[in-house]
Structure formats: C-alpha cells, structure tokens
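So the protein lines, in turn, are chains A and B. Here the first sequence is numbered in the numbering used here, starting from 1 and rising by one per residue. Here the second sequence is numbered in the numbering used here, starting from 1001 and rising by one per residue.
Do not take every clue at face value.
[As the list claims (entries may be wrong)] Subject to a maximum C-alpha distance of 30 Å in a straight line, what follows is the list of computed DSS-like cross-link-like pairs (lysine-lysine):
id, chain 1, residue 1, chain 2, residue 2
1, B, LYS1057, B, LYS1013
2, A, LYS77, A, LYS56
3, A, LYS68, A, LYS52
4, A, LYS52, A, LYS77
5, A, LYS68, B, LYS1013
6, B, LYS1057, A, LYS52
Treat the hints as calculated values from the structure; they're not laboratory data. Since we're looking at a predicted model, the values are computed, not measured.
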Amino acid sequence: GDSVTQMEGPVTLSEEAFLTINCTYTATGYPSLFWYVQYPGEGLQLLLKATKADDKGSNKGFEATYRKETTSFHLEKGSVQVSDSAVYFCAPGKTSYDKVIFGPGTSLSVIP
Amino acid sequence: KAGVTQTPRYLIKTRGQQVTLSCSPISGHRSVSWYQQTPGQGLQFLFEYFSETQRNKGNFPGRFSGRQFSNSRSEMNVSTLELGDSALYLCASSSSPSAGTDTQYFGPGTRLTVL
C-alpha cells in the first residue's frame, strides 16, 4: 500500500536559517504531491502542491520539487522566520479509491 | 466563501458515553473525510464520504461510524468511548473524491477529551 516517510523532528532553527524537510513516498501510479502546514491550535492548510514529475510547487518562500525517479518531495525554504513555526505534513494525493495518507508530521520551531 | 466548519470545538465526555461530531464542508464540495490526530499516532484516516456514500474507511473499530447528508454535511459518531479516543478530530472537504489533484480543506477540528 501507499506510505510516506518523513523526517519527524522536532526541528529547531534560528531565524534566517535554511530549512529542509525530507519526504519520500510509495504510491500507486503518479499522484499529485502535497505539503500541508498546521499552525498551533488550527487545522491543516495547504502549503504547496505539485501535480506531475519535475513540477515545483512554491508558496510563502517554501518550495518542493516532484522527483519521480527518487519518489521524493522535499520541502525547502531559504530563510525561515519565527512565524514559520508549525507542523509540516507531506502527503501524496490519492490515485483512485486509495486513502489519503499523511506523513507523521515534522514539528518546526524557529527561534529569534 | 466560508471554510469548513466543525462543531463543537471542544468536548469532554466520560468513558462509555457516545459522542457525535459535525462537519459542514465548503459550499459545493461533496467529498468529506475525517481524521483522528493524536501525538502518538499522528494523523490517521477514519473515513471518506462522497454524495452520501462511504467510499473508504480506515482501520478503526466499528465504534467509529459516520454518515453524510444530502447537503454534504457530515457527522461522525463514536460509541462506548474509551480513554484512547481522546484526540483532535479533523474534517476535510474537497470538490471531488478522486483527490489525485484536489486539495483538501480542513476545519479547525473538534478536541475530544475522554475522562
């Protein structure tokens, strides 16, 4: 079945540091890939997505590239801010009647 | 456009009781999924409904059930509550069930505490 492996953290970075959160997946077919973010006390919200191989999703300074050959979708940001402190979830989209599976989430704390 | 709403936001129950949680999806969305989120298990899929039909179900005991109404609003019910059912229950809606490319829109969740 489908699965997601994601770096669990917690990750603590200083403001303006570079961020990478690794995500690899196994899935039937070639689904779209998503990163969701959950801020404290809130539900998840879409951060970015990529719908096909070599696509790059980007939003709020975050980027991730759909790597079909390595089945990876690593999240990066060049300079994190305190407001980026949250939990980040990697998720491949469903291809048919499969269930959506989320990675375990990576907790990020950014300190001034 | 209004987002996904969940009621109630917080709930405290005792073991053995039952509880019903409600979710109203974004207008026009016909797919609703439910998730349980706990610190130990992360985000786990409960079930998905589309046009009043359950399309998929996660690995939860039969005490967890759900339904969807003709207006796409959904409810989930947990009977005979156990301490381990304490969690944040999240509802998400999307415009179609294929979700290969569809974004899921999440509500703020219902925080259930079982004493």
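To see whether the hints hold, each was checked on the structure:
1. B:LYS1057 with B:LYS1013: Measuring from Cα to Cα gives roughly 25 Å; hence the hint holds.
2. A:LYS77 with A:LYS56: holds (13 Å)
3. A:LYS68 with A:LYS52: The given pair, whose Cα atoms are some 8 Å apart, holds under the 30 Å limit.
4. A:LYS52 with A:LYS77: This hinted pair holds, its Cα atoms lying about 21 Å apart.
5. A:LYS68 with B:LYS1013: violated (46 Å)
6. B:LYS1057 with A:LYS52: With a Cα-Cα distance of about 27 Å, the restraint between B:LYS1057 and A:LYS52 holds, given a limit of 30 Å.
The structure does not agree with numbered hint 5 stated previously, though it agrees with all others.
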